[in-house]
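Novice: Top line first, the protein sequences correspond to chains U and Z. Numbering follows our numbering, with no gaps: position 147 of the first sequence is 147. Numbering follows our numbering, with no gaps: position 259 of the second sequence is 259.
Treat the hints with care, as some may be off.
[To be verified] List of simulated lysine to any residue pairs, SDA-like, C-alpha gap at most 25 angstroms:
1. 160(Z) - 263(U)
2. 160(Z) - 300(U)
3. 160(Z) - 265(U)
4. 22(Z) - 268(U)
5. 160(Z) - 269(U)
6. 236(Z) - 156(U)
7. 236(Z) - 300(U)
8. 160(Z) - 193(U)
9. 268(U) - 236(Z)
10. 268(U) - 162(Z)
[What the hints assert, rightly or not] Here are a few chain Z residues that sit away from chain U, every Cβ distance over 10 angstroms (derived from the structure):
11. 83
12. 87
13. 120
14. 197
15. 211
16. 214
It should be emphasised that the hints constitute simulated quantities derived from the structure, not laboratory data. Nothing here was measured: the structure is a model prediction, and the numbers come from that model. All residues carry an ideal CB built from backbone N, CA and C; glycine is no exception.
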Amino acid sequence: MSTAPSVETGATAAPAVENRSRLFQFSPARIVLYAILAIFCIYYLLPLYVMVVNSLKPLSEITAGGMMALPQQWTLAPWGSAWSTAQVGVEATGLRPYFINSILMVVPAVAISTLLGALNGYVLTKWAFRGSTILFGLLLFGCFIPFQMVLIPMARMLGLMGLAGSVPGLVFVHLVYGIGFSTLYFRNYYAAFPTELVRAAQIDGAGFFTIFWRILLPSSGPIAVVCIIWQFTNIWNDFLFGASFSDFDSQPMTVALNNLVQSSTGVKEYNVHFAGAIMAALPTLLVYIVAGRFFVRGLMAGSVKG
Amino acid sequence: MAFTETATRPGPVDRLRDALPKLVLSPTVAIVAIFVYGFIVFTFYLSFTNSRILPQFGWVGWQNYENLFRIRAWDTAVTNLIIFGSLYIIICCALGLLLAILLDQRIRAEGFIRTIYLYPMALSFIVTGVAWKWFLDPGIGLEAVVRGWGWESFTFGWIKDREMAIYTIVIAAVWQTSGFVMAMFLAGLRGIDSEMMKAAQIDGASTFALYRRIVIPQLRPAFMSAFVVLAHMAIKSYDLVIALTGGGPGTATELPATFMYSYTFTRNQMGIGAASAVIMLMTIAAIIVPYLWSELREKR
Numbered sequence: 001m002s003t004a005p006s007v008e009t010g011a012t013a014a015p016a017v018e019n020r021s022r023l024f025q026f027s028p029a030r031i032v033l034y035a036i037l038a039i040f041c042i043y044y045l046l047p048l049y050v051m052v053v054n055s056l057k058p059l060s061e062i063t064a065g066g067m068m069a070l071p072q073q074w075t076l077a078p079w080g081s082a083w084s085t086a087q088v089g090v091e092a093t094g095l096r097p098y099f100i101n102s103i104l105m106v107v108p109a110v111a112i113s114t115l116l117g118a119l120n121g122y123v124l125t126k127w128a129f130r131g132s133t134i135l136f137g138l139l140l141f142g143c144f145i146p147f148q149m150v151l152i153p154m155a156r157m158l159g160l161m162g163l164a165g166s167v168p169g170l171v172f173v174h175l176v177y178g179i180g181f182s183t184l185y186f187r188n189y190y191a192a193f194p195t196e197l198v199r200a201a202q203i204d205g206a207g208f209f210t211i212f213w214r215i216l217l218p219s220s221g222p223i224a225v226v227c228i229i230w231q232f233t234n235i236w237n238d239f240l241f242g243a244s245f246s247d248f249d250s251q252p253m254t255v256a257l258n259n260l261v262q263s264s265t266g267v268k269e270y271n272v273h274f275a276g277a278i279m280a281a282l283p284t285l286l287v288y289i290v291a292g293r294f295f296v297r298g299l300m301a302g303s304v305k306g
Numbered sequence: 001m002a003f004t005e006t007a008t009r010p011g012p013v014d015r016l017r018d019a020l021p022k023l024v025l026s027p028t029v030a031i032v033a034i035f036v037y038g039f040i041v042f043t044f045y046l047s048f049t050n051s052r053i054l055p056q057f058g059w060v061g062w063q064n065y066e067n068l069f070r071i072r073a074w075d076t077a078v079t080n081l082i083i084f085g086s087l088y089i090i091i092c093c094a095l096g097l098l099l100a101i102l103l104d105q106r107i108r109a110e111g112f113i114r115t116i117y118l119y120p121m122a123l124s125f126i127v128t129g130v131a132w133k134w135f136l137d138p139g140i141g142l143e144a145v146v147r148g149w150g151w152e153s154f155t156f157g158w159i160k161d162r163e164m165a166i167y168t169i170v171i172a173a174v175w176q177t178s179g180f181v182m183a184m185f186l187a188g189l190r191g192i193d194s195e196m197m198k199a200a201q202i203d204g205a206s207t208f209a210l211y212r213r214i215v216i217p218q219l220r221p222a223f224m225s226a227f228v229v230l231a232h233m234a235i236k237s238y239d240l241v242i243a244l245t246g247g248g249p250g251t252a253t254e255l256p257a258t259f260m261y262s263y264t265f266t267r268n269q270m271g272i273g274a275a276s277a278v279i280m281l282m283t284i285a286a287i288i289v290p291y292l293w294s295e296l297r298e299k300r
């Protein structure tokens, strides 16, 4: 982060880049500008720094007031503890089983909601019918409701369906409330897809699914990535549904992490908490680092173009 | 499908083919009808019943709403939401706008800096809550660290202070979302006609005047979007409070979302919980419906 200003000085030091240096002028104002940007980089990175360094030091170093310092004695023990032996709720299982729950929950929920969203978007744009815009509006509103409004009936419904307190139950809930956004993405994307191509294929005798499969789907790569990342991040990070609809052995990672940190028994092992927090953050963080562009596109499409 | 039809009467296969698009859409329609609108009606109905630990259907009229407004904790939750929501929206917008303008000055490594500003958005509020909970904890966090550096009288115990704890929620929430607001404003800035800015510059407008008179007024749609997104996130805030303060100390950081949960599921006052959920929905609807309406109308 603090490398940015030094790159700046490097460019202006060379006389050969006179022209460019007018664009990137080395003036006091620009130094201040870069300094402010760097300070904000520190601000945003600080909690991550705190989590990482404190997950790698013994507890005694934290309680002695050394939260901001690098570890004097580096150790991976907190990570091992958080993963496999820490007390989460009643049992000393570590976070591993809950990590697996989250994966088992996320994969089917993301896959099915994305596929349904693609089909819905296709119908709503290329086979639009009277009232399809209103229908889409109703679908969208469903994305924004406070989920407190559905907690009570959903708890009952899951019981009736025999899915209460189970991972499939959570998959179902996330699927239901994920369709709105996945439909939004594909609808807006397919709206820009040339309808003439679809009509031409129709004249050639291609059916509904053939057109979808052979013409739209092959060009849906980018929006599928956007949608998958959005759904993955949202569902992985969900807490409310996980806390409401899971049992001890079907809790997702976020709920287990919260239990780990809030548990009031015994010594507070801050280093283990930080290691656990990083574990919970790592999947979505990795996705962000690898495919941040698509993540941002998803964010913008979900807000700016509601 | 009219293209492929001939003069002959449509057979069952053709009719099936015509109905296919609607058939494909029907599971979603059914899901939304039941699990969104059906459930909304159900909870709405429950808010007029004597439901306690389980849903019951004895009609009690407006009693739950009357009780709700008499409960001190609800009063605290609403007051907190107003404090939290307004500070959250104002600070996020101000910070987001500032960072967007700074980043729009042909910055080296802009993409890299943007990535850093925006990464908290990828994290769970629980992770954010844990990080800030211990960082703000006076026993081990900032206060202890600064004292360790030699400033013995330094105090920063907001998170344990009934009066100040709500502001720690603002701190953590702003940290998480301000980068996102920055990205929204940056997208808005990039959409502004640069000819107009050049013309103003040639006319001798100062940078400050340029932004105040020309740029910021053009960002109105971005402000609208940011407001809607932030307001709706503020009203739904639940995870962050749970992870950061658990609603405490006492009930000092309760928000409507945490109030609803505890009254419904731990205090067995489901009727009152449902009433509070209805109020949350109404508030969000008042913000979202006009927004969706204008967005969807524009597109046609």
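Novice: A separate judgement is required for each hint: does it hold in the structure or not?
Specialist: Verification of the supplied hints:
no. : hint            : in the structure
1   : 160(Z) - 263(U) : holds (18 angstroms)
2   : 160(Z) - 300(U) : violated (36 angstroms)
3   : 160(Z) - 265(U) : holds (19 angstroms)
4   : 22(Z) - 268(U)  : violated (56 angstroms)
5   : 160(Z) - 269(U) : holds (19 angstroms)
6   : 236(Z) - 156(U) : holds (22 angstroms)
7   : 236(Z) - 300(U) : holds (19 angstroms)
8   : 160(Z) - 193(U) : violated (55 angstroms)
9   : 268(U) - 236(Z) : violated (29 angstroms)
10  : 268(U) - 162(Z) : holds (22 angstroms)
11  : 83              : holds (19 angstroms)
12  : 87              : holds (17 angstroms)
13  : 120             : violated (6 angstroms)
14  : 197             : holds (15 angstroms)
15  : 211             : holds (14 angstroms)
16  : 214             : holds (20 angstroms)
Taken one by one, the earlier hints fail for this structure at numbers 2, 4, 8, 9 and 13, listed in ascending order.
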